[in-house]
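Novice: Given next are the chains, with one letter for each unit.
2 protein chains.
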Amino acid sequence: MKNVSIAPDGREYPIPTAEESAAERDLLVKITEEQRKMGRKIVAVQGLGFVGCVMAAVVADAADKDGNPYYFVHGHQRASKRSFWKVPVINTGVPPVASSDPEVPEIFHRTVVEKKTFRATSEEFVYTLADVVVVDIQLDATKPAFGEAEKGYCDLTHFREGMRTLGQLIQPHCMVLVETTVPPGTCEKVVKPILEEEFTKRGIDIKTNPPLIAHSYERVMPGSKYVSSIRDFWRVFSGVNPQSIKLCREFLTNCLNVDEFPLTQLDSTNASEMAKTMENSYRATNIALTLEWARFAEQIGVDIFKVRDAIRKRKGTHDNMLRPSLGVGGYCLTKDPVLANWSMQSLFGLEGGLDVAINSVNINDTMPLHTVEIIKKELGNLNNIKIALLGVSYLENVGDTRHSPSETLVTFLRKEMATVKCCDPYVESWPELEDVKVESDIHQVLPGADVVVFAVGHDEYKVLKPKEVLDICGTKPLIVDCSNFLTDEKIAEYKALGCKVRGVGKGHIV
Amino acid sequence: MKNVSIAPDGREYPIPTAEESAAERDLLVKITEEQRKMGRKIVAVQGLGFVGCVMAAVVADAADKDGNPYYFVHGHQRASKRSFWKVPVINTGVPPVASSDPEVPEIFHRTVVEKKTFRATSEEFVYTLADVVVVDIQLDATKPAFGEAEKGYCDLTHFREGMRTLGQLIQPHCMVLVETTVPPGTCEKVVKPILEEEFTKRGIDIKTNPPLIAHSYERVMPGSKYVSSIRDFWRVFSGVNPQSIKLCREFLTNCLNVDEFPLTQLDSTNASEMAKTMENSYRATNIALTLEWARFAEQIGVDIFKVRDAIRKRKGTHDNMLRPSLGVGGYCLTKDPVLANWSMQSLFGLEGGLDVAINSVNINDTMPLHTVEIIKKELGNLNNIKIALLGVSYLENVGDTRHSPSETLVTFLRKEMATVKCCDPYVESWPELEDVKVESDIHQVLPGADVVVFAVGHDEYKVLKPKEVLDICGTKPLIVDCSNFLTDEKIAEYKALGCKVRGVGKGHIV
Chain A
545 MKNVSIAPDG REYPIPTAEE SAAERDLLVK ITEEQRKMGR KIVAVQGLGF
595 VGCVMAAVVA DAADKDGNPY YFVHGHQRAS KRSFWKVPVI NTGVPPVASS
645 DPEVPEIFHR TVVEKKTFRA TSEEFVYTLA DVVVVDIQLD ATKPAFGEAE
695 KGYCDLTHFR EGMRTLGQLI QPHCMVLVET TVPPGTCEKV VKPILEEEFT
745 KRGIDIKTNP PLIAHSYERV MPGSKYVSSI RDFWRVFSGV NPQSIKLCRE
795 FLTNCLNVDE FPLTQLDSTN ASEMAKTMEN SYRATNIALT LEWARFAEQI
845 GVDIFKVRDA IRKRKGTHDN MLRPSLGVGG YCLTKDPVLA NWSMQSLFGL
895 EGGLDVAINS VNINDTMPLH TVEIIKKELG NLNNIKIALL GVSYLENVGD
945 TRHSPSETLV TFLRKEMATV KCCDPYVESW PELEDVKVES DIHQVLPGAD
995 VVVFAVGHDE YKVLKPKEVL DICGTKPLIV DCSNFLTDEK IAEYKALGCK
1045 VRGVGKGHIV
Chain B
545 MKNVSIAPDG REYPIPTAEE SAAERDLLVK ITEEQRKMGR KIVAVQGLGF
595 VGCVMAAVVA DAADKDGNPY YFVHGHQRAS KRSFWKVPVI NTGVPPVASS
645 DPEVPEIFHR TVVEKKTFRA TSEEFVYTLA DVVVVDIQLD ATKPAFGEAE
695 KGYCDLTHFR EGMRTLGQLI QPHCMVLVET TVPPGTCEKV VKPILEEEFT
745 KRGIDIKTNP PLIAHSYERV MPGSKYVSSI RDFWRVFSGV NPQSIKLCRE
795 FLTNCLNVDE FPLTQLDSTN ASEMAKTMEN SYRATNIALT LEWARFAEQI
845 GVDIFKVRDA IRKRKGTHDN MLRPSLGVGG YCLTKDPVLA NWSMQSLFGL
895 EGGLDVAINS VNINDTMPLH TVEIIKKELG NLNNIKIALL GVSYLENVGD
945 TRHSPSETLV TFLRKEMATV KCCDPYVESW PELEDVKVES DIHQVLPGAD
995 VVVFAVGHDE YKVLKPKEVL DICGTKPLIV DCSNFLTDEK IAEYKALGCK
1045 VRGVGKGHIV
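Respectively, the protein sequence lines represent chains A and B.
For the first sequence, the residue numbers in the numbering used here are 545 to 1054.
For the second sequence, the residue numbers in the numbering used here are 545 to 1054.
Calculated directly from the structure, the hints in this document are not laboratory data.
Honestly, I wouldn't trust all of these hints.
To be verified - Distance condition first, Cα-Cα at most 25 angstroms in a straight line; then the derived DSS-like pairs of lysine-lysine: (1) B:609 with B:585; (2) B:859 with A:859; (3) A:769 with B:859; (4) B:857 with A:769.
Keep in mind that this is a model prediction, so the values were computed, not measured.
Given the sequences, and given the hints that come with them, work out the whole structure.
Specialist: Below you can see the structure in the form of structure tokens.
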């Protein structure tokens, strides 16, 4: 097997040889010296994933009133076969992520090619040169059993390794800003002891040079405002000591739009870490509540979405109310309550747990089964039933399939021996369900369908006209609307054309 | 026993005799004829409780551009010993409720004495004269076991009687507007059949004269904006048929501030009834979530209120987040989820229930036990411990004790053999705990206290200076802050003066 890393477009990038690595390290020193002479501080971003790569670009784009950049940014990505390709791709000024946000390619081109303030590398050595390290290592929760989030845990092995690398390499004055969503207590109970241990091994006196560790969480949203969601948002932060807090405030103030979105300082990293997991638990719980009301609405002829709209008129007290759907996906609401619950028990050794939040995760994780029920209620046995699934990502107009509820839906429909054809214009491949072919064209999935499931609110699916859909189907399928994607007018049209229509929370159409 | 009704101020009002009732009925006819000649429609309000009496005054106050009142309002209260006194009191232009809202006495004086558009009566006969009946009968949920809201039910006996009275008396053109918070389905499954039955008995053809029934819920808040909370709010409404909807829209448009707070029409009364119970379930659930995070925060040195403030910076998505406290009281959040859960099972005969909402009610109902735990954790055995409780109402700056969490707290502290002295400047008597004397002056409860509990955020308690409190106590009591009523500065001062301070969700003070 060749020692190459293959990008999503199929291009192969050779993993650097030892000689190339040595040359790269020399180059890093040279670049860093040049940048310091220009008055810039040096930032290293650890992990060029979904958050890290754009955060790196935002930091590299930050400039003072006169347009002088504050920072030079080294993005660091390990030279693994899976991810090394990001390094050479970024260094041509191209983002390593697909996005509908036009600012994403712009900011990569501007910082890498024009300003030359952003460069990626696979050499860990880069941490020896940094004034600030921004930690964007991915950290997931593992839920070993479906619908039993209480058994979920957080494997910190990889994260700890990353921290150990920093402890071995960074200069004592370097501020480590943890941006990864972590279990509450991580900065104090995981990051600090590792850095202290490694500093001590290196002969650094941690009394005079305590590690400088801060935490500030992002609130990135994929989609058309991807870059803005990092730069233009109310950041919450704290640090493990006053100097960390000072440096973190300075860094965030330089990089982000704090005039419009002021910073909020909390008393401790425990508090800041808790804020992130609590805010996502809040949203997860609000969604979980809606499912039982959706079921109730379905059975008494009520449209829960109209009820929700009525309630949400009360701004400031009721307008956060979320909505029922196929289910909850993505990377935050599905795991953050689990991180916090696990932390409570495993990092702090406390009794009890975050039962409301965990119960909500369970309700949300199993929510797609309600759509299975809706279909079975109409069709009975699903053996050989042909189902066309419109949308497999977890969010409208985005191709991100992480923890997508469509995955659960497909898995359970297949258990019922249904034939499921999947379509999504934003998704090329579905890493979580590799044997499923995701079509981009509805003509590949609709013909002959017994059921058409509107699973995700992509614009492409919301504009579809009933007649058009049925002409392609050539059948009178059961139409299932998972989250109010069809207007009352369209529902009436489907019915007039001879279809049954059902939907989550939509009792008025029965 | 004299046949009198005794007002809260001790004044006695004789219950009307048969002759007096007959004279009153003649007077009602005369007044109504006069009012009709002045072009006014006639409204009867059924039930002059907390909502009904102010709603009646708001309707009586409604006028067109030229200041001509739209309606004459007959407020109806049955001639019971418990409540008849309201009739003569209102008819002197005095409100039958105490309130910190200066608009309450103003609107009663204006409508009863100046405009003469509002009058109270104890004669049911009044319903024969009405164009509109506004139903404000109180309807409660019964929870037979503490912490087991799933066993809660709704006794509709009294409500059904009220509807039967209307069915027997109203004219066919009269619109019945149910404003009481009712179990979803009540208008369709309870009110409509009763009115149809009584209409039919009276020879009214319900095909040509179907009963006109609408539902629109209030969102009244006691306190300094009591009247405004009825008049200046986004109303949701619907009706059982198009004519009901039309009349209801017309009535609400005349009476309320719909220019600034537009009406929302829903498809059915089921939907409108669901909206009210769902919005309060939403709030109950949001509060229940906060308790487990408060417990977590207490144990890891975090101030949950600062975390909450940080999260709430995100307007529109996170700013509805509520806060932990001693517990949840009042008349809405404690019962509305129970009404809906009971309706699902008993009015609609459906399987399953509203588990998230009901679980939240249980968490909220038992929340005061957490404050008991906080005290026991510090003091161990509470036998003979003297506890001063500051606040027994369910809401700050209001004297309403209905379902107050202080009631649960006192009950459980007494079980622990503690001596509890209660204070509340807004509460004269505590009907739910009649053997407890409620002092208005802290000098009556603080001296010798081992524990001082800041239970309710009355302004009077928030301004108390630590030195002042301790001087009156003459002790160094444990200070317990139930919902962030003490600033960090005051907490530091209490500590400097030798007290321990603890609080719900306030881990940073330990």
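Novice: Hints first: check each against the structure and report whether it holds.
Specialist: Going down the list of hints, with the structure as the test:
1. B:609 with B:585: holds, 17 angstroms
2. B:859 with A:859: holds, 9 angstroms
3. A:769 with B:859: holds, 17 angstroms
4. B:857 with A:769: Cα-Cα ~19 angstroms, so holds.
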